[in-house]
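Peer 1: Put chain R on the given structure of chain H with help from the hints.
Just so you know, the protein sequences line up as chains H and R, in that order. With the first letter of the first sequence counted as 1, position 145 gets the number 145 in the numbering used here; the numbers rise by one all the way through. With the first letter of the second sequence counted as 1, position 295 gets the number 295 in the numbering used here; the numbers rise by one all the way through.
Honestly, I wouldn't trust all of these hints.
[Said to hold, decoys possible] Distance condition first, Cα-Cα at most 30 Å in a straight line; then the derived DSS-like pairs of lysine-lysine: (1) R:K9 x H:K355; (2) R:K194 x H:K254; (3) R:K201 x H:K306; (4) H:K241 x R:K229.
[To be verified] Each pair of labels, with its calculated beta carbon distance range: (5) R:E283 x H:S266: 55 to 61 Å; (6) H:E179 x R:T227: 51 to 57 Å; (7) R:T228 x H:K94: 54 to 60 Å; (8) H:K110 x R:T161: 47 to 53 Å; (9) R:A275 x H:E269: 56 to 62 Å; (10) R:R267 x H:R157: 30 to 36 Å; (11) R:D106 x H:E269: 48 to 54 Å; (12) H:D270 x R:Q131: 33 to 39 Å; (13) R:M83 x H:E269: 32 to 38 Å; (14) R:Q134 x H:D270: 50 to 56 Å; (15) R:F233 x H:I62: 42 to 48 Å; (16) R:M83 x H:T272: 28 to 34 Å.
Hints in this document: simulated from the structure, not taken from any laboratory. From the three backbone atoms N, C-alpha and C, an ideal C-beta is built for every residue, glycine too.
Given next are the chains, with one letter for each unit.
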Amino acid sequence: MEAAKDDVLPIGMTLTLNEIARSHMKKEYGSIKVITHVSDVEFKDLVDDLLELGMQVDCREISREDDFVLSSCTAVRQVRRLLISGNFFVLQKKPFLYFITGERNPFFGKILLNISRDLYPELLRTYVTSEDLYGLLTDFSKAKRIQLRYTEFVYKRMFGDAFSDRRHEKRLDPYKHKEFSDAFKKAREQGGKVDRIRVFGDGYSFRVSRSGILRLYQGDFSEYYRFFICRIAECAASRWKVFEKRARKELPQKEVLPILVNFDSSVFEDLTTRKQLLQVIADYSNCEYSIIHGTNPHVYVAIFDKMDNSSFTLKTYGTSSLMLVPQIRTSKASLVRFSKHLLDNFQEGNIVDFKA
Amino acid sequence: MSREIELSKCKDERIREVDRYYQTVLLTIGLKDHLDNHAKECRFVSAEPRFFAREGHEIRPDVVIQYTSGYGALCEIKTSLPMPDGYLLNSLSQIEKYSIDVTGWDTPDHRVKDHDILLFCHALDFDRVVQRIQQWLEDGSIKISKKLCICEWSTITSPKTGKDVVLIRKRFGDTSCDELNRMLQENIVVDIQKVVIDYEKCKFTRKEPPLEYTMQELWVNVFREMTTKTESFEVSIDEILKVAIDYYIPWSNIEGEYSQVRRTWIRKAVEGFCAIGLAEQSESNPQRFRILHQKQIQKDILDYMIEALCNLTIKQTPKRPMVDQEATTPQKPLSDFTRENRADVS
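Same shape as in the complex, but just chain H (with noise of 0.2 Å):
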């Protein structure tokens, strides 16, 4: 995988970019940030709808070329009786729609990431697997000629947050910092997926993570722009391809096409983590579900997703795969809102289109 040369930042913009990158590095701590969506729809046509929900955005074009366009914009919200606010820019090339921002907490906790949130469906925050991570990282060190060695990384095993085993490595000695690849094989060796590493060498120091949020502590924005932001949004469109199309209304024959989820190994061989994903599907936010048959031999659940009125049913398939089965009205967010959920909460697995 070689970084795509059509995602190169315009000139004009790589240099106001670069600019405001290095004004926040700069400073103590400072990094900048980026949160990564896919969009069709153009942020200035969004932030209406974030005035219900108690935020006020302003936003200003500061820079057009080719099919980019960056906005300066200021985001305010009264938290409790703290007023938080805020500068971000909004950089979007359709269908990708970056956040970057130098602001910290609460800023970036309560606000941005709301904002990424209240927005869903027309915001999708991207996602990406393990292994895409270890491809990019190994890219960008070929294609630089930089080893790159972690200072942190967190892995999940299976059932994220709810069953989750972190490890937290951080080494103080710069000396014994190892190359980033081992610590995907150590992730590996505990039966679990990288969910997120921090990475330095040759001036470069920054963050990738499976979720979509990325922070450049130092380096060129504009390399980091290529080899990381822009490819990480692609491959999460690429792999969402799959979740186009699928209701049975919008099928001429009204067809059912489901899709299975994969996983490496057979997580459902064992009866108690069949009675854990029925956990995982009740902490699912913003939905209701039936579960029409639960466990023996396998679990055959309904959810309806309240955030986009779309529904879907799971059933386990065989003992490594769930089938994601489309219904009448079945969005492709609401597939992409699952998906992570089980990413985050369940195990990483490979998403593809089921083959009668």
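Peer 2: Frame of chain H; chain R shown alone:
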């Protein structure tokens, strides 16, 4: 019995009924799939047939099979059968009605030379049911003039392959089709994975589903077609039926076949929604109903519906008065339920 125990018992029973109905649909699809792909001397004709006895009475088998020999079989699938003998006998009386010559077969004159009766019982009920049937056949409580074959069915994980399967096997009697006998003797094993897509299109069989099964299917799936946003909306029974007919395709294209979902089932489901506060009748037009979207509703919607309906049932059941043991009406003898004494047996 305390209210909590009564509620818990009611919920367990209804949850089991919904689950068993789902499994019954899988069984029907599985049987169809197996016969379509492996049988030469018999074929799956329909799961929604219309059959009539001589007097013009309609009879309602769950599945119809026809043999190349010119014979056929009317099949009755029992999802779950009651424990008390009286109720059990009553619920098995249906197979007696199949014991006469009927029209409606997929032949030019809609008749066959003769037919068998196939009864499918869930594995958990099987031993008890077969024991009773044998006894009732002997003492004349049940009279059947056709060949009776009883099979047990269940959904299990195959110990051989590790796959989830529907298992059907013959445990009592024979049919007139040697091939079908052999298949049932050797166990019909249908990989559920092969039939899941069909299930999504055929979620209802000929048998009326438990109320909560229809309600949840309408709530989670059919109603999504009728509104673009997650909000309250108004609808009529016929509008719901139209969507249901569009998406739940008939089992086969035989003339006279019903569509999968019946108007009465939908009407009952909407009444169920009204009873538990998830819908209300329109004030301006009593033919229309407002389906209410409630933000704070429990996430496990099936559990919510079942609990609400159970609560209603418990409330409506009058409490038994405390009476002296002597004053109690003596229990009805079993013979009260037998053929001679039942008016509903033709």
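Peer 1: It remains to establish, for every hint, whether it holds in the given structure.
Peer 2: Here is what the structure says about each hint:
With a CA separation close to 42 Å, the supplied pair R:K9 and H:K355 exceeds the 30 Å bound. For the suggested pair R:K194 and H:K254, the alpha carbons sit about 19 Å apart, so the restraint of at most 30 Å is met. Proximity of R:K201 to H:K306 is assessed by CA-CA distance (about 23 Å); at most 30 Å being required, the pair is judged to hold. Annotation: proposed proximity of H:K241 to R:K229 holds, straight-line Cα distance about 24 Å (limit 30 Å).
Distance hint check for R:E283 and H:S266: the Cβ-Cβ separation is about 56 Å, which falls inside the suggested range of 55 to 61 Å. The hinted range of 51 to 57 Å is satisfied by H:E179 and R:T227, whose Cβ atoms lie roughly 54 Å apart. At about 24 Å, the CB distance of R:T228 to H:K94 disagrees with the hint of 54 to 60 Å. About 52 Å separates the C-beta atoms of H:K110 and R:T161, a value consistent with the hinted range of 47 to 53 Å.
The hint said 56 to 62 Å for the Cβ distance between R:A275 and H:E269, and at roughly 42 Å that hint is violated. Between R:R267 and H:R157 the CB atoms are about 50 Å apart, so this pair departs from the stated range of 30 to 36 Å. Remark: the range hint 48 to 54 Å for R:D106 to H:E269 is contradicted by a beta-carbon distance near 43 Å. About 36 Å separates the C-beta atoms of H:D270 and R:Q131, a value consistent with the hinted range of 33 to 39 Å.
The hinted window of 32 to 38 Å between R:M83 and H:E269 holds, with their beta carbons roughly 34 Å apart. Between R:Q134 and H:D270 the beta carbon distance is about 40 Å. The supplied range of 50 to 56 Å is therefore violated. Judged by the Cβ atoms, the range 42 to 48 Å given for R:F233 and H:I62 holds: they are separated by roughly 43 Å. R:M83 and H:T272 have their C-beta atoms about 31 Å apart, which keeps the hinted 28 to 34 Å range intact.
When held up to the earlier numbered hints, the structure conflicts with 1, 7, 9, 10, 11 and 14 and fits the remainder.
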